[in-house]
Amino acid sequence: FSVVNGVLLRPLDYPNPGRLVLVTSQFPTLGFDQFWVSLPEFVEFRDNTEAFSSVGAYRVNAANLGTDPPSRSVGALVTAELLPTLGVGPEQGRWFTEEDTRPGAAPVALLSWELWQRAYGADPDIIGRSLLIDDVSTEVIGVMPQGFDVHDQKVELWQPLTIDPATFQSRRGGHFLYLIGRLKDSVSVDQARADTSRLVEQWRAIAPQGHIPSVPNHQIRMDPLKDDIVGSIQQALLILQAAVVFVLLIACANLANLLLARAEARHREFAVRSALGAGRVRLLRQFITEGLLLTSVASLIGVGLAWTGLKLMLTVNPDAIPRSASVTLDSSVLVFTLATAVVTGLIFGLAPLLHLSSRLSISLRDGSRGTTVGGFRKALRSSLAVAQVSLAVVLVVGAALLVRSFVNLTRVDTGFDRAQLVTFSVVLPNSSYPVPRRVAFFSELQARLGAIPGVQSVGGMTGLPPNREVNANDTDFEHISPRPPGTDPQSTDQPAENVDYYQTVTPGYIETMGIPIIQGRAFEPADAGGAPVMLINETLARRFYPDRDPIGQHMKPGSSAALPWFTVVGVVKDVKQGGVDQETGTELYALADQLPRVMGYAPSEMNFVMRSALPLEAVASQIRAAVRDLDATLPIVRMQTMDDVFGAAVARPRFLTVLLGIFAALALILAAVGTYGILSYLVTERQQEIGIRMALGAARGGVLWMVLRQGLVLAAAGLAVGVGGALAVGRYLQALLFGISPTDPATMGVVAGVILATACVACLIPALRATRVNPLEVLRGD
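1 is the number of the first residue of the sequence shown in the working numbering; add one for each residue after it.
If you're looking for bench data, these hints aren't it; they were derived computationally from the structure. Even glycine gets a Cβ: it sits at the ideal position worked out from N, Cα and C. One thing to keep in mind: the hints can contain errors.
Unchecked claim - Derived Cβ-Cβ restraints for the label pairs, each shown as a range:
hint	residue 1	residue 2	range
1	T328	D547	57 to 63 Å
2	D643	S197	27 to 33 Å
3	P745	G454	48 to 54 Å
4	A735	D185	33 to 39 Å
5	Q582	D223	17 to 23 Å
6	D164	L238	30 to 36 Å
Stated by the list, open to error - In silico DSS-like links for lysine-lysine, alpha-carbon gap of 30 Å or less:
hint	residue 1	residue 2
7	K311	K154
8	K556	K573
9	K184	K154
Take these sequences, add in the hints, and give me the full structure.
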């Protein structure tokens with residue numbers, strides 16, 4: 001509940017957060033349901049919308065900090081309107097003004113409270129201090145409140161987004177911004193959508209030329225900000241919360257059976273108390289006290305376990321759930337726990353009343369065996385046992401499905417060999433690294449990395465698989481009909497072909513990653529000074545060259561006539577880029593050593609990969625030394641193995657699988673204990689009958705089977721009900737599964753076998769005890 005409360009129930013940490021809306025683009029014809037907005041579109045939307053009182057924009061990036069040692073923090077480029085839209089002011093200093101966003105303005109920045117504490121020792125004179133950010137002297141003008149963030153992006157540094165109206169027309173196709181708007185008090189989200197639809201239809205009057213929002217190619221989407229943050233995990237958390245409720249119900253059924261059994265054993269005590277003048281209210285108070293004592297002590301222990309488990313969960317999987325900083329054992333969680341303990345203690349503490357109502361009028365000598373009421377109590381206990389097993393079946397089926405789904409994810413062919421790969425990232429500040437210096441730096445660093453003893457090969461790429469942001473760049477293909485003369489290259493009326501991922505790589509990347517060449521060849525050293533060449537993946541080849549040989553075909557990364565045509569020289573195996581569980585997108589590869597000469601471009605960030613049999617710890621210090629020798633001010637980012645990268649890509653399904661697996665195991669244990677408990681009590685209750693049967697010649701094997709059969713009948717009934725329940729709720733798991741159906745018969749069969757085997761073990765001990773009953777002692781005692 002602490003997770004559900006922090007992620008789903010607690011409002012966002014802004015004033016009146018329900019009025020905040022995330023505004024994005026949609027490109028239905030390209031398959032993008034939620035995309036960025038361009039800077040001109042933001043300005044035009046901000047100036048012409050009638051549904052919002054204010055609209056701000058931001059873009060998440062990262063920045064090198066001139067700390068000791070150098071570090072890199074998540075940052076955001078924001079407009080001056082963003083903070084007033086969110087309604088939160090700086091803890092110290094001021095927010096950005098429009099003057100800060102104009103071209104040529106002095107560099108300024110705001111720090112998060114956490115970054116101020118961690119990197120700058122909570123310097124009280126931080127306001128007005130100049131820091132090196134991306135190798136640029138930047139004045140700190142403010143510190144944000146503790147815990148402040150934007151869109152749950154874990155931003156620690158804010159800088160103003162430069163807005164130059166003179167360059168609007170040239171930037172219309174550059175989508176890179178998220179918009180956050182605050183609705184006017186009298187406007188709902190649906191009304192805002194209707195107003196925006198009207199605006200889209202009239203957008204051509206605002207911007208007569210170029211790429212603009214339009215129906216149906218380029219629409220505007222709106223989502224409540226909180227729904228967008230938690231939407232991807234809301235269903236999963238509700239399923240986990242339901243699993244917890246199931247475990248609680250199983251525990252409560254155990255508690256009820258326990259108290260019923262204790263009441264049976266204490267019926268003479270109750271009769272004596274009643275005979276001595278104790279009224280029903282007095283006995284009722286005793287039952288309630290006992291029930292509350294049980295649940296209260298258990299709750300105290302449970303809160304301690306929950307605190308430990310929560311800390312462990314957030315430490316091991318900090319990024320598995322959104323809003324993780326809001327997940328705490330706060331007062332609302334403790335009140336919920338107290339209420340749960342009281343309610344369960346009251347309800348199930350009253351279970352002995354079912355016994356009490358029929359026993360107080362009976363004499364102190366027990367003579368009620370075999371009565372109708374006794375039969376009712378047995379039926380009730382049996383029903384509780386069946387309910388426990390059925391609930392456990394539902395949880396075990398759900399956990400088994402998630403386990404098989406997770407195994408399927410881990411077996412997905414990512415297109416490369418991640419074994420024995422170490423990766424890290426280096427980002428060069430644009431201010432001090434012009435294009436020629438970037439190429440020289442990355443080439444020299446790759447050479448030094450390759451010289452490390454034990455390193456077999458080295459390569460670099462701009463986008464780290466298997467989970468990175470889509471590029472969705474317009475691309476011209478020579479064999480596809482060009483646009484009509486005079487058509488705007490950015491026009492949505494004549495959309496260019498679109499490629500999902502652009503990958504710029506260094507020599508040796510394909511070989512180091514172990515990506516198979518399907519057709520043609522990889523990049524060669526001579527390509528650096530030769531004609532422009534590219535590699536493409538299988539998906540791109542199938543989509544754009546379905547009926548022709550892609551080798552030798554020409555394509556252009558963009559729609560500008562000034563750009564050269566590139567020749568396709570190879571087709572490589574598909575590599576997962578947008579997530580392990582997602583369909584592979586189209587991808588093209590450009591050679592980093594060639595781009596400066598043919599396009600005047602070089603990337604400023606490079607993810608290096610090194611293939612080595614040595615562990616990460618053995619090469620980490622040498623990697624740091626290689627970077628430090630070239631530029632001691634550069635931080636090394638995300639140094640890890642590719643196995644760790646893959647693990648992070650499947651962190652959320654692993655998190656859900658582990659939690660539901662724990663709940664299912666606990667439920668199965670509780671159900672087994674419950675079945676054992678009821679059979680143990682029934683054996684004790686039927687000792688006289690068993691003794692008589694054995695005295696009359698019944699074999700021990702027959703007695704053993706009689707008790708086992710009784711327990712297995714309960715388990716089979718619970719299994720039947722549970723499988724039906726699992727089939728009914730399976731559709732809610734569908735969105736969480738990968739490569740398996742929620743009604744998978746193999747999973748159902750395995751779970752049935754596990755449940756029956758567990759039931760056999762739970763029934764065996766009471767059954768064996770029944771075979772050891774001494775008929776003479778039982779009859780003599782009676």
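Against the structure, the hints come out as follows:
no.: 1; hint: T328 / D547: 57 to 63 Å; in the structure: holds (59 Å)
no.: 2; hint: D643 / S197: 27 to 33 Å; in the structure: violated (47 Å)
no.: 3; hint: P745 / G454: 48 to 54 Å; in the structure: holds (49 Å)
no.: 4; hint: A735 / D185: 33 to 39 Å; in the structure: holds (35 Å)
no.: 5; hint: Q582 / D223: 17 to 23 Å; in the structure: holds (20 Å)
no.: 6; hint: D164 / L238: 30 to 36 Å; in the structure: violated (46 Å)
no.: 7; hint: K311 / K154; in the structure: holds (19 Å)
no.: 8; hint: K556 / K573; in the structure: holds (21 Å)
no.: 9; hint: K184 / K154; in the structure: holds (28 Å)
Hint compliance for this structure: hints 2 and 6 are not met, and every other hint is.
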